[in-house]
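Enquirer: Letter by letter, the chains look like this.
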Amino acid sequence: MKISIERGTLLKAVSQAQSVVERRNTIPILANVLIEADQNSVSFRATDLDIEVVDKAVAQVERAGATTVSAVTLHEIVRKLPDGALVVLSDNGTSGRMTVEAGRSNFSLATLPREDFPVMASSEYTANFTAAAPVLRRLFDKSKFAISTEETRYYLNGVYMHVANGEAGSVLRCVATDGHRLARIDADLPAGAEHMPGVIVPRKTVGELRKLLDDDDMQIAVSVSETKVRFATPEITLTSKVIDGTFPDYTRVIPAGNTRKLEVDASEFARAVDRVATVSSERSRAVKLSLDEDRLVLSVNAPDSGAAEEELAVAYGDDRLEIGFNAKYLLEIASQVDRENAVFLFNSSGDPTLMREGNDTSAVYVVMPMRV
Amino acid sequence: MPSLCRDCLHPFQTELRCPSCRSPRIISHPELFELSIAHMDCDAFYAAVEKRDDPALRDKPVIVGGGRRGVVSTACYIARIKGVRSAMPMFRALALCPEAVVVRGRMDVYVEVSKQIREMMQELTPAIEPLSLDEAFLDLSGTARLHGAPPAVMLARLVKTMEDTLGISGSIGLSHNKFLAKVASDLDKPRGFSVIGQAETAAFLQDKSVGLIWGVGQAFQAALDKAGIRTFTDLLRWEKSALNARFGSMGDRLWHLARGRDHRPVSRNAPIKSISNETTFFDDTASSDILDGHIWRLSEKVSDRAKARARAGRVVTLKLKRSDHTLLSRRISLRDPTQMADRIYRTARALYDQVPDQGPYRLLGVGLSDLVPEDAADLSGDLLDPNAEKRARAERASDAIRRKFGADAIRKGRALR
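Listed in order, the protein sequences are those of chains A and B.
According to the numbering used here, the first sequence is numbered sequentially starting from 2.
According to the numbering used here, the second sequence is numbered sequentially starting from 123.
Worth double-checking, as some hints may not be accurate.
[Unchecked claim] Below are the BS3-like pairs computed for lysine-lysine, each with C-alpha atoms no more than 27 Å apart in a straight line:
hint: 1; chain 1: A; residue 1: Lys212; chain 2: A; residue 2: Lys145
hint: 2; chain 1: A; residue 1: Lys57; chain 2: A; residue 2: Lys229
hint: 3; chain 1: A; residue 1: Lys212; chain 2: A; residue 2: Lys81
hint: 4; chain 1: A; residue 1: Lys289; chain 2: B; residue 2: Lys512
hint: 5; chain 1: B; residue 1: Lys429; chain 2: A; residue 2: Lys289
[As the list claims (entries may be wrong)] What follows is a list of derived Cβ distance ranges for each label pair:
hint: 6; chain 1: A; residue 1: Ser226; chain 2: B; residue 2: Pro478; range: 23 to 29 Å
hint: 7; chain 1: B; residue 1: Gly535; chain 2: A; residue 2: Asp361; range: 46 to 52 Å
hint: 8; chain 1: B; residue 1: Asp405; chain 2: A; residue 2: Asp245; range: 34 to 40 Å
hint: 9; chain 1: A; residue 1: Ala316; chain 2: B; residue 2: Asp411; range: 51 to 57 Å
hint: 10; chain 1: B; residue 1: Leu538; chain 2: A; residue 2: Val120; range: 52 to 58 Å
hint: 11; chain 1: B; residue 1: Leu309; chain 2: A; residue 2: Glu310; range: 58 to 64 Å
hint: 12; chain 1: A; residue 1: Ile255; chain 2: B; residue 2: Arg453; range: 31 to 37 Å
hint: 13; chain 1: B; residue 1: Phe527; chain 2: A; residue 2: Asp295; range: 37 to 43 Å
hint: 14; chain 1: B; residue 1: Phe342; chain 2: A; residue 2: Ala111; range: 37 to 43 Å
hint: 15; chain 1: A; residue 1: Gln220; chain 2: B; residue 2: Ser371; range: 40 to 46 Å
hint: 16; chain 1: A; residue 1: Asp245; chain 2: B; residue 2: Phe527; range: 44 to 50 Å
[To be verified] Beyond 12 Å from chain A on every Cβ pair, some chain B residues (computed):
hint: 17; residue: His132
hint: 18; residue: Lys182
hint: 19; residue: Phe326
hint: 20; residue: Ala341
hint: 21; residue: Arg368
hint: 22; residue: Met372
hint: 23; residue: Leu449
hint: 24; residue: Ser455
hint: 25; residue: Ala472
hint: 26; residue: Tyr474
hint: 27; residue: Gln476
hint: 28; residue: Ser502
Don't read these hints as lab results, they were simulated from the structure.
Glycine is no exception: its CB is placed at the ideal position from the N, C-alpha and C atoms.
In isolation and in its complexed conformation, chain A is listed as follows (with noise of 0.2 Å):
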């Protein structure tokens, strides 16, 4: 194998590539990455056995074949050659070594043989359709905060995609919760869709899936199928295995009847959520909400550290009311609003509370509340 490729187009394929892999590998293959050229391409691809990425790249192959070698290493030379440089990868299929050189720098990897590199199995996709990047973009990045951590529910560490019953009939929609709080975000139903049977994508899919998501006029082929998703662009190939599991029913988590409405201007009571955060404790970070007739008082008591409170001028004309949250939650909500005011609704100070941007319906979340 031999080629000719441009730093930049190289550094784009190689570290999308060195993401995929796992730092931690008893398997050393699956620290590598593998470039294959023909004709005029040459791909470059990684896994760590849920995930694989494809990403194909235009160079000069002077001579087709395939290696493998380690996907950071190769990242980190590429990251480190200068702006414009000509790379030139070049193996001899029997040396065990893979050269890179670009000017007067030369070196030298060693390989692993490419037909040890598993390449994940097709699947039989059952739902094909396109969307812009902008809708999945929307879609992952309000609800991958909620995402759990928690390996005991495992089935809770991804974002469940799934067709659902909306207000307007159905959507594409995305749920991610872990318990304390839930995000559910929907879009208009891409043609094709209709029977994608639900999947729980995994949260270093979501990661990996956003870097594909950057360019707002690009068309995303999405594809599914009850074990697998992919996502495509011209150049990358994004395929992931999906979470072996049952997401729980979030629509009776969901709160219906929550009445006692406040309306904030999401960046001002984030700024103050976030301000009088500062002196509560490490541990709790609890914030106290006092309502009262268009007045929002926000407080921190946490007797080791000290004490603060900030006023808000808000809408608000319900029973007085007091509940209290995680500060964390509540930012991490509240600056999920970027166009209107964040409208809160409440029932008690023991059950969930409803967070919706203005009277939009396709993105609600939910968080619970904290004794106080």
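Once you have looked at the hints, place chain B on chain A.
Expert: Quick look at chain B alone, frame taken from chain A:
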């Protein structure tokens, strides 16, 4: 030299017997009435309680321990003559001392007796640091005026009252810091009273092995050995900086201990780091039903202890020992610390469900660590488990019932499995 009769508590100057009651059980030491840091250690506590409650056992070797497969938790002094030691597997203990009477521990009774002893200690000083049910540090500094007697007299009185009213004997170590007090209490067991004064500290430590230091176990002792440190004299040769460089955070402490110094105060709230309970089964088991019952019972015990200490924990640990004695341990951090048996049980059970092995197991343990004060615990509910709050209320209600009518007054069905 200042002396004290341990039978009639009469203080006097040098004599061979007590001038007032003629008892030979006297202690004489130049600093006897000046030292005030003590360590009290009951003698073969569990076995002593058993012998007290069943006089037929009095002259027999008694071993308290868990079943025919467990380990020795305490052996009485008669059994110790045959070589039986704490933590020894029961089969080995019985090989050494086949005539021994093995008694299953009655933890609730021991806890009760321990409480009575603690009350007696509290009459001496508020500065008590219990290390376990049967031993504690006491700081009697500044109490001489209050009691009208120096600490040594009050301590001799404490063990005498313990013996007279509870039938439990204890040994006292009296010195000028915790390290030496603990060492002293072990010098002359049972029914001992040992004193290590300022003046003889250096001479006393000189040839002693560094294994004497509380907290230096086998592994650390091996590390010290590698550095050529076997005795306190070896330790004295080291510069503080060299010890720090070699042994990290322990270095500083070693340097001070080498000089017989220990500045740790006797503190009631010596922070406990974890709470755990475990049980060894009579027969190895792989049955989820049986193991589930044990997980619940142990979770409840751990929860009871956490509640009693007003603590809650963020990390739940499940420990399983396979038939071949290999250990399997799983832990998980909770978002929100807990002290509730229900949450500890559910978490431990989830950990058990994720263990791929099928067993059988010989031991199961449940632990709670990363402890925080209880007011930071169980503050928020679980969206996906709306019944948790109901169960928590039920648990608090049954706790109240158990407090009033005894630990067995109300039980969960699964505790009977």
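Enquirer: Next step is simple, just say for each hint if it's right about the structure.
Expert: So, going through the hints one by one against the coordinates:
1. Proximity of A/Lys212 to A/Lys145 is assessed by CA-CA distance (about 14 Å); at most 27 Å being required, the pair is judged to hold.
2. With a CA separation close to 21 Å, the supplied pair A/Lys57 and A/Lys229 stays within the 27 Å bound.
3. Between A/Lys212 and A/Lys81, the direct Cα distance comes to roughly 21 Å. Compliance with the 27 Å bound is thereby established for this hinted pair.
4. Our distance criterion of 27 Å between C-alpha atoms is met by A/Lys289 and B/Lys512, whose separation comes to about 24 Å.
5. Using a Cα cut-off of 27 Å, the hinted pair B/Lys429 and A/Lys289 holds, with the two alpha carbons roughly 26 Å apart.
6. Range check, A/Ser226 to B/Pro478: Cβ separation about 26 Å, and the 23 to 29 Å hint holds.
7. In this structure, B/Gly535 and A/Asp361 meet the distance hint of 46 to 52 Å, their C-beta atoms being roughly 48 Å apart.
8. The beta-carbon spacing between B/Asp405 and A/Asp245, approximately 35 Å, falls within the hinted interval of 34 to 40 Å.
9. At about 56 Å, the CB distance of A/Ala316 to B/Asp411 agrees with the hint of 51 to 57 Å.
10. As the Cβ distance of B/Leu538 to A/Val120 is approximately 54 Å, the hint placing it in 52 to 58 Å holds.
11. About 59 Å separates the C-beta atoms of B/Leu309 and A/Glu310, a value consistent with the hinted range of 58 to 64 Å.
12. Take A/Ile255 and B/Arg453: their Cβ atoms lie about 33 Å apart, and the range 31 to 37 Å holds.
13. In this structure the hint that B/Phe527 and A/Asp295 lie 37 to 43 Å apart at CB is violated, the actual value being about 52 Å.
14. Between B/Phe342 and A/Ala111 the beta carbon distance is about 41 Å. The supplied range of 37 to 43 Å therefore holds.
15. Between A/Gln220 and B/Ser371 the Cβ separation comes to about 58 Å, which falls outside the hinted range of 40 to 46 Å.
16. Judged by the Cβ atoms, the range 44 to 50 Å given for A/Asp245 and B/Phe527 holds: they are separated by roughly 47 Å.
17. With a least CB separation of 49 Å from chain A, B/His132 remains clear of the 12 Å interface cut-off, as annotated.
18. With 12 Å as the threshold on Cβ separation, the claim that B/Lys182 sits away from chain A holds: the shortest Cβ distance comes to roughly 48 Å.
19. Listed as outside the interface, B/Phe326 is consistent with that label: its C-beta sits roughly 42 Å from the nearest C-beta of chain A, beyond the 12 Å cut-off.
20. Every CB of chain A is more than 12 Å from the CB of B/Ala341 (nearest about 26 Å), matching its label as outside the interface.
21. With a least beta-carbon separation of about 29 Å from chain A, B/Arg368 lies farther than 12 Å from that chain, consistent with its non-interface assignment.
22. Every Cβ of chain A is farther than 12 Å from the Cβ of B/Met372; the closest lies at roughly 27 Å, confirming the non-interface assignment.
23. Against the 12 Å criterion, B/Leu449 stays outside the reach of chain A, whose nearest CB is about 20 Å from its own CB.
24. Its closest Cβ contact with chain A, about 8 Å, brings B/Ser455 to no more than 12 Å, contrary to its assignment away from the interface.
25. Remark: the non-interface label on B/Ala472 conflicts with the geometry, its nearest Cβ contact in chain A lying 4 Å away (cut-off 12 Å).
26. With a least beta-carbon separation of about 10 Å from chain A, B/Tyr474 fails to lie farther than 12 Å from that chain, contradicting its non-interface assignment.
27. In this structure B/Gln476 is not separated from chain A by more than 12 Å, as the shortest Cβ-Cβ distance comes to only about 7 Å.
28. Residue placement check: B/Ser502 does not keep its beta carbon more than 12 Å from all beta carbons of chain A (closest about 4 Å).
Of the hints listed earlier, those the structure fails to meet are numbers 13, 15, 24, 25, 26, 27 and 28, in rising order.
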